[in-house]
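Protein sequence lines correspond, in order, to chains V and Y.
Mapping of the first sequence onto the numbering used here: position 44 corresponds to residue 41, and the numbering continues sequentially without gaps.
Mapping of the second sequence onto the numbering used here: position 140 corresponds to residue 137, and the numbering continues sequentially without gaps.
Simulated from the structure, these hints should not be mistaken for laboratory data.
Careful: at least some of the hints might be erroneous.
In this list, chains with the same sequence are indistinguishable; a pair is considered to hold if it fits within one copy or across any two.
Said to hold, decoys possible - The calculated lysine-lysine pairs, modelled on DSSO-like cross-linking and capped at a C-alpha distance of 27 Å, are:
| hint | residue 1 | residue 2 |
| --- | --- | --- |
| 1 | K78 | K22 |
| 2 | K45 | K87 |
| 3 | K146 | K64 |
| 4 | K64 | K22 |
| 5 | K52 | K64 |
| 6 | K146 | K87 |
| 7 | K29 | K64 |
| 8 | K78 | K45 |
| 9 | K64 | K87 |
| 10 | K22 | K52 |
| 11 | K52 | K87 |
| 12 | K22 | K69 |
Listed here are the chains, written in short residue letters.
2 protein chains.
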Amino acid sequence: MQGALHELFLDELRDLYSAEQQLTKALPKMAKAASHPQLVQAFESHLKETEGHVKRLEDAFTALGEKPDGEKCEAMEGLIKEGSALIDRKGDLPDAVLDAGLIAAAQKVEHYEIASYGTVITWSTLMNHDEVTELLTETIAEEEAADDKLTMLAENGINESAMAGSV
Amino acid sequence: MQGALHELFLDELRDLYSAEQQLTKALPKMAKAASHPQLVQAFESHLKETEGHVKRLEDAFTALGEKPDGEKCEAMEGLIKEGSALIDRKGDLPDAVLDAGLIAAAQKVEHYEIASYGTVITWSTLMNHDEVTELLTETIAEEEAADDKLTMLAENGINESAMAGSV
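Build out the structure end to end from the sequences listed, making use of the hints.
In structure tokens:
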């Protein structure tokens, strides 16, 4: 018999599954709204990774003998709404300022995911779901790398351009 | 004249102001739902800190000659809804499992705030708002410490109890 922590673990995985799926729809819009070529590329390559995260979660559910369907992740819905509100300002904001805002929005998303994956990895390890732990650990490493990449892009040019272009 | 990046900076600060205010209402409910005495205490002491974060944001707006009113932060609304859904399960879930879930929910909130404060600190530094940078830096240090405290509580007993009590 599986216990209550296992149920909570499945709930968190379903929440992440919804979050990652929502993100696969949001990232192409972010890539389209971005101007800096490296930022466009970062969003596009993170889209490919995110599709892989969806697949890994499906594999995790298979390994657990469960189905991934669940409720919509409301936190990710809110995060994406904030990004959409920013995208709607394309044309009104200088390109580099919009880019700086898109980075901020994307980093909130990455931090949300890092916190969630951190929790499920801890629980998965505790419950000895080794295969699932491995899948989730591969994903969190990509989320952390994506976050670092965004910081690097912000610090190596986009923020300065946003300053210069915004006065 | 202030530029577009400055406007975006103010938007982010207003978003954080809404987020922190929402959190002052959610934390007492989380403290009430928690069972482990140190977790109850962690939520209670973070409530006091969060009230301080609201005050610091008000001081930041004063320093910038602006008002803090703004739209409701939808991301924090979604994060809090997830926590509330968990609190509603009090009584159905073993105490330690609910505690583990509350820690997970709270860490998502902390990560959201850390990402947001990280962005506004970068922008504030870039625009030489030294007084504001200092206020925001004090807050992010407390958010990071709160996140670490939650990890420590999870790892030093709550997760193990959740395992033991959940089968």
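query: Which holds for K52 with K64 at a C-alpha limit of 27 Å: within a copy, between copies, both or neither?
result: Intra 13 Å, inter 45 Å, cutoff 27 Å: intra-copy only.
query: Given a CA cutoff of 27 Å, do K64 and K87 count as a within-copy pair, a between-copy pair, both, or neither?
result: between (39 Å within a copy, 25 Å between copies)
Intra- versus inter-subunit Cα pairing at 27 Å for K22 with K52: within (15 Å within a copy, 37 Å between copies)
field: Intra/inter-copy verdict for K22 and K69 if alpha-carbon distance must be at most 27 Å
entry: Classified as both: same-chain Cα gap 14 Å, cross-chain 24 Å, threshold 27 Å.
query: For K78 vs K45, is the C-alpha pair at or below 27 Å within one copy, between two copies, both, or neither?
result: Within one copy only: 21 Å inside a chain, 30 Å across chains, cut-off 27 Å.
message: At most 27 Å between CA atoms: does that hold for K45 and K87 within a copy, between copies, both, or neither?
response: within (24 Å within a copy, 39 Å between copies)
query: Using 27 Å as the alpha-carbon threshold, which applies to K146 and K87: within, between, both, or neither?
result: within (23 Å within a copy, 40 Å between copies)
task: Have a look at K64 and K22 and pick one of within, between, both or neither, based on CA distance no larger than 27 Å.
output: Result: close within a single copy only, 21 Å intra versus 35 Å inter.
- prompt: 27 Å Cα cut-off: does K52 pair with K87 within a copy, between copies, both or neither?
  reply: Neither. Shortest intra-copy (32 Å) and inter-copy (33 Å) distances fail the 27 Å Cα cut-off.
27 Å Cα threshold - placement of K64 relative to K146: neither (33 Å within a copy, 34 Å between copies)
task: Using 27 Å as the alpha carbon limit, work out where K78 and K22 are close: within a copy, between copies, both or neither.
output: Cα proximity of K78 and K22: in one copy and across copies (12 Å, 23 Å).
message: At most 27 Å between CA atoms: does that hold for K29 and K64 within a copy, between copies, both, or neither?
response: This pair counts as neither: shortest intra-copy Cα distance 33 Å, inter-copy 33 Å.
Violated hints, listed in ascending order, are 3, 7 and 11; each of the other numbered hints is respected by the structure.
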